[in-house]
Amino acid sequence: MTTLWSGLADGALYALVGVGYNIVLLASGVFNFANAQLIMLGTYLAYFAAVTLKLPLAPTVLIGAAAVALVGVVEERLAIRPLMGRRDSHATLITSVGVAVAIDGIVLRIWGSQPKAIPAPLSTKPLNLLGGTIEPTSLLLIVLVIVVGVGLHILSKKTMIGLGSLASAEDREAAMARGVNVRALAIGAFALAGLIAGAFGVVVGSGTYANPGLGDNLALFGFVAIAIGGSGSQIGSLIGGFATGIIYAEVSRYTNADWPQIVVFALFLLILLTRPRGLFGGAVERQV
Amino acid sequence: MAATTAVSPPALPWLRSARPLMMLGLGVVVLVAPWLGLGDYWSRQFILIAILALVVSGLNISLGYAGELALGQVALYAVGAYVTGYLAVSHGVTDILLCLLAAIGGAIVVGFVSGIPGLRLGGWSLAMVTFFLVIIIPNVLDLLSSQTGGALGLSGIPVPTIFGAQLVGDGFYVFVIAVTIIWFAIFRNLIGSSHGDAFLVLKQSPILAATLGISVYRLKLLAYVVGAIPAGIAGVLFAFLSAYISPSSFAFALAFTILTASVVGGSQSIYGAIFGAAILQLGPERIASFQNYSLIVYGAFLVVAGLVFSDGIAGLVRSGLSQARRRGWLSSAAPIDTVGPMAESDVALATAGDDTAAVIGDLAGEALTVTELRKDFGGLTAVDDVTLEAVPGEVTALIGPNGSGKTTLLNLVCGFYKPTSGSVRLGPVELGGLAPYRSARAGVARTFQTPLIPKGMRARAFVATGRYVSHRVSMPASILRLPSFWRGSRASDAEALRLLALLGIARVADSEVASLPLGTRRLVEVARALAAEPKVFLFDEVGSGLDEEDIHRLEEAIELIRRAGGTVVLVEHNFPLVLKIADRIHVLSQGALIASGTPAEIQANRRVLEEYTGSSETVDTIEELERSDAVPGPPPAEPR
Amino acid sequence: MMLTVDSVAGGYGDIQVLWGVSASVEAGHVTVILGRNGAGKTSLLNAVAGFLPTVRSGQVRLGDLELGRLTPFERVRAGLAYVQEGKRVFHRRTVEENLLLGGYTVKRPFLRRGQRLQTALDRAYERFPILADRRKMVAGRLSGGQQQMLAIAQALIPEPTAVMLDEPSAGLAPAIAKEVFAMVEGLKREGLAVLLVEQVVDNALAIADDVIVIEAGRVAASGPVSDFDDTAMVRDLYLGRGSAGLRQAPDPSDR
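Protein chains in written order, with this note's numbering: chain A, 903 to 1190; chain B, -18 to 621; chain C, -9 to 245.
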């Protein structure tokens, strides 16, 4: 059971990345490879605020949220928007990878390659839950990710912005003809993805440490999460992320350290071969 | 290559430029550099550049030509290196040629394993699968640690040998450079062949590729796997160069370096890989403390490159050259902006009386039989139990107002839609449900209302792509420039020129198709369709937007096809054209067939005019309309 | 409010499709745009709506407001409605969601679907009873005629002052097409300025106040509908002018 909890905690991370991918995919049809880097940036900012500046929890979260939201907006403006009109859709592949690499580089330059510890927001005393142990912060992470995922799902169905976003993903021009401000949606989506990434900095970072390899690792597993769940589906991302995390944890338990990643890779290949659209079909099939 | 230019006919465009000779010259200079005073340090740099260039060129094939982002060159590179390391250390195999063979084999296998699932979905799947491949390198190496040394790496790789002789120092250097030169020659030969043209088409329009009979999935897979080969080769060279390999040499920071080198040098270029590799190998070395900023710089490079110059340095050179040509500083192929009336010779060629069949060849058209074909989209019935037939040697026109289902019907024949029920047969072959490329291979040739034309292709090359599948020259033959390659390309080129002349547009053979006026582009597309020697021609509103001259030329072209026994299906909106050249007309409305007959019958049919124009009170049929003495409308608006 | 197009020239990147086209329609009037396929009718509507990538010259005005600088979604807010060709509703969304999307620009509290929108929805259901019966149905499952009705209903939700329709009767059964035309005529009576692109000449002329004929991206003829003879019009449009060629052969260098 402890393994299960650990799997859920890791899975929550993957689901979080997937959720971020989906937010941007749904609103602008773009796959933002750098989303995981935004989450990594969030952990570093949490380190900066909580450890370097010794700020309490609330300002740390706020600073993280605001700063990474800003980074998201800048990314959209510089690396994505200029390409929106173009026929050739390859360019955003290159530029979003470029942004990811640049963020990796910036983080390395400023903070070096040693992982940085971030104080946990809740006590570190493990809880006994359903037959297994789990750290309170990890439990918090799981709960928060579920809340965010479900919340976004509801928002997209119940609000006009959410509806506009779904419409825009289906037919951008028709959405514009109905008055949907697709440009604002795109900017908003990048800002929201950044905001969430930044706000989660403390909760994520206390478990993973702020480390420069975090981005690349999460990028991949987050993609696996949406491959399983179906691109564009927040609920799918949750399911996909948790499933991946659990599989990884269970495999680690029974084999040595090398197998979990290989097993997840095999699972990934299997999904692509047998059910490429994932569980809940692609809302945005073409891009992903 | 000097020998080949002597043999080749000067007309083939891809040999016209002096670039390959220049690069070969450069290669030879680099090859003999040690004897020209090249020191050890620079020797090593050149070897490293060569190795990186090999890996980058593999990415260029995938990304620049087939249009698929692959991030896994590093993994294939690692396969090459570790296969070598394993063979050399555990089995004492030092023969470099054997290692190359084994490494290439390994790279191809891994390429297939990652490419097959990765290419199933478009977009990011391949990138992510290959990225994953790189991430699990340390895991796989660790699992196989008895063979690979795991995280500690594999040391003590012996000196390579070739036919028993040791390859050290200058010898090794020469071997590396020679292998690199050979690979780039192969690369160049591949791109400068019909396969390269097919890649271009694939990258810019998968729909057009399918219409040419190309299986998009298979060609992309082939491109990706071919791109794995140089990475494997590079791995072998690297393993022997450093005598020690470990997982840290194959980290994914390298993957980004490779991507940056590809983009900087120009992904869609052959030699750009070398320039990109040189810049990325030498640049960091020159600038102290670059390491700290390397990723930031690469990232910025990628963003800027993606935004500004999508073709890297090679692209800048190319556009610089075409700018220079446009300004008359360089001579160029005759630019054709307007196409005048057919030249005497063209007319003679095109309309040589009863010899037309001989001129155009017997087309062996087959009957296209549509039986109770139906296509529903949810609640919308786009094609409603339509039955009709198009017969060889006849022009069959499909007309109807917008939204009547004409284009849907065409798409059903081509395979872009699957029928809900009913059948479409071409001769004995059932087309319904076939994938578009299979439909094309069964003999369906189609033109598009908005011509799909890839950029950067001359008319003669574009027309020749029609023969890519039907007169296929194998890749090995193209790479090695075997006689079958020369025969095949010469024949395809000659055929392309002949068809262009037939349609009266021989003069545009060397012009870039994308820059031609619409009417001429349409005719080029017709030539392309003819080149495929199809069993049925589907012309989708081919007359739309053309002026009288172009339409006249089009009419003649269609007439030629008809007389040569081809089956022509014309989906048209232009009544006069249809009435003039169709043998049989079928009228669609709201997906259903409402009238069929000869032009005379259709003109006299009451329903037809009604369908198009709403009920007409004074005139009921097209025939009456043509004969009507109605007062013409008001004078044209004053031009402002 | 009057919708005015003043010598608009432009196209798609390098390809120019409009060469100085002018048109106008007053409130409570219908201007019909006729022409062959490929003549530039849709491109003209696209230019007005803001979807034409390259506009080299000319102006588009709604009342006094110049639309040129506005994005397509801003033009909707300004009171312009565009019913594109091909029944472009959102196939994956329900009828009700489609109508709500039509009301995207209507001011409302941030999250909830406000009172104003509910009224507009009710009005739409009243006017289009077919849609009322199928509120929760996914739009992709509607028949062609129903989808067209939905597309028009969508466009009308924000109470626009000018409406542009691109071949609304295409592919529809005559009875349904007649309903569509009746509806368009109704819009005219409500005081909207209606710009209608059509191929079915007679039905269009029956409700038109003014007619514009587009040929190769230019205005070939224009004037009040009374100036136009149905029969000659149909003949010109569909049968061409025979061997005489076009009235104004386009200059090859223009292309």
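The set of hints was computed from the structure by calculation and includes no laboratory data. Note that the structure is predicted; figures quoted are calculated from it, not measured. Careful, some of the hints might be misleading.
Derived pair list, reagent style SDA-like, types lysine to any residue, alpha-carbon separation capped at 25 angstroms [as the list claims (entries may be wrong)]:
#	chain 1	residue 1	chain 2	residue 2
1	C	Lys126	C	Tyr115
2	B	Lys436	C	Val45
3	B	Lys399	A	Gly1064
4	C	Lys168	B	Gly359
5	A	Lys1059	C	Glu87
6	A	Lys1059	C	Arg131
7	A	Lys956	A	Ile1012
8	C	Lys126	A	Gly1064
(Q) Output the indices of the hints that this structure fails to meet, ascending. (A) 3
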